[in-house]
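> With the sequences and hints as input, model every part of the structure.
Residue numbers (the working numbering), protein chains in the order written: chain H, 147 to 221; chain A, -13 to 173.
Keep in mind that the hints were calculated from the coordinates and are not lab data.
Per the computed footprint, the stretches of chain H lying under chain A, defined by three or more beta-carbons under 8 Å from a beta-carbon of chain A, are: (1) 157 to 163; (2) 177 to 190; (3) 204 to 218.
Ideal Cβ positions, reconstructed from N, Cα and C, are used throughout, including at glycine.
These are the residues of each chain, in order.
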Amino acid sequence: MKEVMLDCYGEACPVPLVKSQNKIKELEVGDVLIVQIDHSCAMKNVPEWARKEGYNVEVEEVDDGEWEVIIEKTK
Amino acid sequence: MEQKKEKFFDRMKSNEYYIRWGKNPFTYVTAAVLLSLFQIITLATTKSPWGVSGAFATWGAWIFEAFGGSVDKWYYFASPGAQATLEGGILNHPDSWRNFGVIFGALAATLLASGFKIKKIKSKKQIFAAAIGGLLMGYGARLSFGCNIGALYGGIASLSLSGWVFAIGMFAGAVVGSKLLVKYFMT
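See below:
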């Protein structure tokens, strides 16, 4: 199990979502993808997509206007 | 004194109502209902449907006039209505006030959620994409006499067929645009 950081700071929608979708394809089941975002609409659509895929998702506010979306690839 | 203040904001951070109203984004349904209510209010009070990008053209005309230019002969501003708007000035221009409201409202919302951040520009690509995208959107919105608000939202809300035609064009454009974005911008 490994952890992969995906730096999406400064990227507007839908770039963080598309990058997350591409990145998770490269990962193995059980790996964790941490998407760093500072665009509040990505805070909505990235977790929404990941939950729909059935992954475990957690959103953490790391600073003012900065979030980490933690996605565990469960399948 | 300082300590007391900190305690107040610490308490507020975990307050259930603050989290619900100030911190968490509204659901799409809540936002849609609020938007509908406010566009009815704006139609009732200003007698014109909600629009955003039209005001930018008017701002451009005012800036041009401030530098000594004249737009009287331009087709877009030639109508008596457009001339009256230009004469009236920014303080009597409802569209401008609405746009100020959108900007300050967005600022207030992000401050309230303590989500304000000045974002770094990551690459030159972003600058070009923003500038070209802005120009195309602004120019396109004037050619079609409205943007996704004035032509689409306002059009459909006032039961005009043009709103639906705009919707078809915009949807097709968004599909093509997203494909181009993924192909050329993301690599």
